[in-house]
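*Asks:* For the record, the sequence lines run as chains A and B. Numbering of the first sequence is given in the numbering used here, commencing with residue 81 and proceeding in unit increments. Numbering of the second sequence is given in the numbering used here, commencing with residue 602 and proceeding in unit increments.
A few of these clues could be false.
Unchecked claim - Computed cross-link-like contacts, SDA-like style, restricted to lysine to any residue with a CA-CA straight-line distance of at most 20 Å: (1) A:Lys110 x A:Ile269; (2) A:Lys166 x B:Ile874; (3) B:Lys755 x B:Gln781; (4) A:Lys170 x A:Ile188; (5) A:Lys340 x B:Val815; (6) A:Lys239 x A:Ser254; (7) A:Lys170 x B:Leu870; (8) A:Lys167 x B:Asp685; (9) A:Lys245 x A:Ile269; (10) A:Lys110 x A:Ile154; (11) B:Lys878 x A:Arg165; (12) B:Lys878 x B:Asn832; (13) B:Lys732 x B:Ile844; (14) A:Lys357 x B:Asp685; (15) A:Lys167 x B:Thr683; (16) A:Lys110 x B:Lys732; (17) A:Lys166 x A:Leu148; (18) A:Lys167 x A:Asn265; (19) A:Lys357 x B:Phe877; (20) A:Lys110 x B:Val873; (21) A:Lys340 x A:Trp158; (22) A:Lys340 x B:Asn705; (23) B:Lys755 x B:Asn832; (24) B:Lys878 x A:Phe172; (25) A:Lys340 x B:Val678; (26) B:Lys773 x B:Val678; (27) A:Lys110 x A:Ala197; (28) A:Lys110 x A:Ile142; (29) A:Lys340 x B:Gly715; (30) B:Lys755 x B:Lys778; (31) A:Lys209 x A:Lys357; (32) A:Lys340 x B:Thr814; (33) A:Lys170 x B:Val873; (34) A:Lys166 x B:Phe877; (35) A:Lys110 x B:Phe877.
I should point out that these hints are in silico values taken from the structure, not numbers from a laboratory. None of the values given here were measured: they were computed from a predicted structure.
So the chains spell out like this:
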Amino acid sequence: MNQIIINILYTGFVYLIISMSFTIEYYTTKFFNLFHAIIISVSAYLVYLFSIQLGSNIYASIIISIGLSTLLGILSEWLIFNPLRKKNVKPFQIMIASLGLYIIFQNIISMLWGDSALSIRQNNIEVGKQLFGGYITNNQIETIIISASLFILLQIFLKYMPIGKNIRAVSSNSTLSNIFGINANRVFIYSFLIGSLLASIAGILVAYETGLSPNMGFNLFLYGAVVMIIGGTGNLWGLLGGAFILATAQHLGAYYIDSKWMDAIAYIILILFLIWKPLGFSGKRLKKVEI
Amino acid sequence: MEYILHILIMILLYVMLAQSLTLTAGYSGLISLAHAGFYGIGAYTSAILSVDYGFPFLATLPIAMLISGISAVFVSVIALRTVDDYFIIITLGIQVVAFSIMNNWMDLTNGPLGITGIPAISILGFEFGSKISFIILTLFLTALVFYILRNITKSPFGRILIALSEDEIFTKSLGKKVYQAKIASFTIGAMFAAIPGVLYAHYISYIDPTSFTVDESIFILSIVIIGGMRNLWGSAIAAAVLIILPEALRFVGMPSNIAANMRQIIYGLALVIMMFKYSKGFVSKSYVGQENK
Chain A
81 MNQIIINILY TGFVYLIISM SFTIEYYTTK FFNLFHAIII SVSAYLVYLF
131 SIQLGSNIYA SIIISIGLST LLGILSEWLI FNPLRKKNVK PFQIMIASLG
181 LYIIFQNIIS MLWGDSALSI RQNNIEVGKQ LFGGYITNNQ IETIIISASL
231 FILLQIFLKY MPIGKNIRAV SSNSTLSNIF GINANRVFIY SFLIGSLLAS
281 IAGILVAYET GLSPNMGFNL FLYGAVVMII GGTGNLWGLL GGAFILATAQ
331 HLGAYYIDSK WMDAIAYIIL ILFLIWKPLG FSGKRLKKVE I
Chain B
602 MEYILHILIM ILLYVMLAQS LTLTAGYSGL ISLAHAGFYG IGAYTSAILS
652 VDYGFPFLAT LPIAMLISGI SAVFVSVIAL RTVDDYFIII TLGIQVVAFS
702 IMNNWMDLTN GPLGITGIPA ISILGFEFGS KISFIILTLF LTALVFYILR
752 NITKSPFGRI LIALSEDEIF TKSLGKKVYQ AKIASFTIGA MFAAIPGVLY
802 AHYISYIDPT SFTVDESIFI LSIVIIGGMR NLWGSAIAAA VLIILPEALR
852 FVGMPSNIAA NMRQIIYGLA LVIMMFKYSK GFVSKSYVGQ ENK
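Bound-form chain A, shown alone (with noise of 0.2 Å):
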């Protein structure tokens, strides 16, 4: 039991700081952008790239891959969907879109290095440390305190930095905010920027605990965005309820089901919400759901 809690924890924060990624980019251009899926495989196949094949420094690496998938992030908004956006397309039309840059990245990562699982760890698999009567590794800890901490350095970044203001008046009522003189565009480059940031954080540290395979990014993105829906986009501490929602639900079910239906217990989850929440438990979502 004692090793399911600490399990529950290290998912729920990795499907945080996944959501946290995505939604400050739907905040802001509101639609579903299924290229980010990319970004987080993206930086795992670069460390995978330089720190295995080329065999440079770990740390170098790293750093390498996040700012090189970061700008892929935003290349992709001011190439293809700012045009679009311009030209008056619909959301939905811009998510389909974001689903072929999806479709063509993801069979360039599957050609360049094949669809079988690849590992970035260089040393032995560690037992982990005793916790409470479970198990732990320290890179779960890593994630659990980077993910920890991003999440309150996001929360500061939206309440009190500048940009982070202007993100909020451009996710409101963007119109309004033009008349005050913020330039939307500039904006979502800008949400793009720390979405790709955390995405490519995210794709390395799951890399690092379960190892990398062309879909690795759109099944953890599938699940950021259930933890969006069920949590809403109202605010930040919607999308920490919504990670541990699914989590300790993912984690029940394999412990009393089998480990084998946890993909289709997310998006029960999701349906049930749909059902009897259609606006996400923290409430504050304006937009569609109900017509």
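Assemble chain B onto chain A, guided by the hints.
*Replies:* Below, chain B without anything else, positioned relative to chain A:
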């Protein structure tokens, strides 16, 4: 020759899949990523009924369509609480659940091992064992589906679908039953998706869950979008092109796994380009304009 016939059969199956999704995604604007799930329901229903219980084809086909239709009603009642991009995400979730059931419910579907030994189709004693006879049967069913879908889309019901995808609230204000029309459109699409599922199961004689994944759903949706959304002939041509493409790439000497990736890259690219082209909305033909002329 066998090889060419095989490709022709696959093209016909995908024409049916794409055209049934054209009704749902194109005409009523319900972009669904769960279509491979219904395709799979059709295939599994027919496989289980004919292998375990010895049902003939003439019985399994309607039962498969019925089960696919019933599950589509349930799914659409849930999924239609949302619109646009939320709807896409919800159908994606339903697709994952459907795949998960096919992959994990060992007692019913035999899990990842799949179902083997599905008999060839036989109608009133005539066995469609050879590829030539099978292609004639498939062609007949494809033409039938095409004919029915064309009549549906030209009927008053089809006009309601077009209207609600353009402006839902306005359609409602004209007294049309928007919600029921959406459910009907989704259900009809799913029922027709079960037909290629049944044919596929009997044709390959072996099915496993990997034929009915999210990627398959994305592929079917891509055919519909590349075909022009509200264009039955367009999606038929797009299906043919996208099925022949990897074979053609293999023919010019590309290794087969690279060819499969290249096909996906090409249709991914096509999706992005299509979104730039359709920036004024998905409508390939301007229906309003035609009425006024």
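*Asks:* The structure should be examined with respect to each hint, and the outcome stated for every one.
*Replies:* Right, here's what the structure says about each hint:
1. A:Lys110 x A:Ile269: 14 Å, holds
2. A:Lys166 x B:Ile874: Distance ~15 Å between Lys166 of chain A and Ile874 of chain B Cα, so the pair holds.
3. B:Lys755 x B:Gln781: 18 Å, holds
4. A:Lys170 x A:Ile188: 28 Å, violated
5. A:Lys340 x B:Val815: Holds, at roughly 17 Å.
6. A:Lys239 x A:Ser254: 18 Å, holds
7. A:Lys170 x B:Leu870: 19 Å, holds
8. A:Lys167 x B:Asp685: Distance ~18 Å between Lys167 of chain A and Asp685 of chain B Cα, so the pair holds.
9. A:Lys245 x A:Ile269: The given pair, whose Cα atoms are some 14 Å apart, holds under the 20 Å limit.
10. A:Lys110 x A:Ile154: 16 Å, holds
11. B:Lys878 x A:Arg165: 13 Å, holds
12. B:Lys878 x B:Asn832: 16 Å, holds
13. B:Lys732 x B:Ile844: 18 Å, holds
14. A:Lys357 x B:Asp685: Since the Cα atoms of Lys357 of chain A and Asp685 of chain B sit roughly 18 Å apart, the hinted pair holds (cutoff 20 Å).
15. A:Lys167 x B:Thr683: 25 Å, violated
16. A:Lys110 x B:Lys732: 50 Å, violated
17. A:Lys166 x A:Leu148: Violated, at about 26 Å.
18. A:Lys167 x A:Asn265: 14 Å, holds
19. A:Lys357 x B:Phe877: Roughly 35 Å separates the two Cα atoms, so the pair is violated.
20. A:Lys110 x B:Val873: Holds, because 18 Å separates the two Cα atoms, which is no more than 20 Å.
21. A:Lys340 x A:Trp158: Measuring from Cα to Cα gives roughly 40 Å; hence the hint is violated.
22. A:Lys340 x B:Asn705: The hint holds at about 7 Å.
23. B:Lys755 x B:Asn832: The given pair, whose Cα atoms are some 12 Å apart, holds under the 20 Å limit.
24. B:Lys878 x A:Phe172: 15 Å, holds
25. A:Lys340 x B:Val678: 27 Å, violated
26. B:Lys773 x B:Val678: 18 Å, holds
27. A:Lys110 x A:Ala197: 33 Å, violated
28. A:Lys110 x A:Ile142: 30 Å, violated
29. A:Lys340 x B:Gly715: Holds. Lys340 of chain A to Gly715 of chain B sits at ~17 Å (cutoff 20 Å).
30. B:Lys755 x B:Lys778: 18 Å, holds
31. A:Lys209 x A:Lys357: 40 Å, violated
32. A:Lys340 x B:Thr814: 16 Å, holds
33. A:Lys170 x B:Val873: 14 Å, holds
34. A:Lys166 x B:Phe877: 11 Å, holds
35. A:Lys110 x B:Phe877: Within the cut-off at roughly 18 Å; holds.
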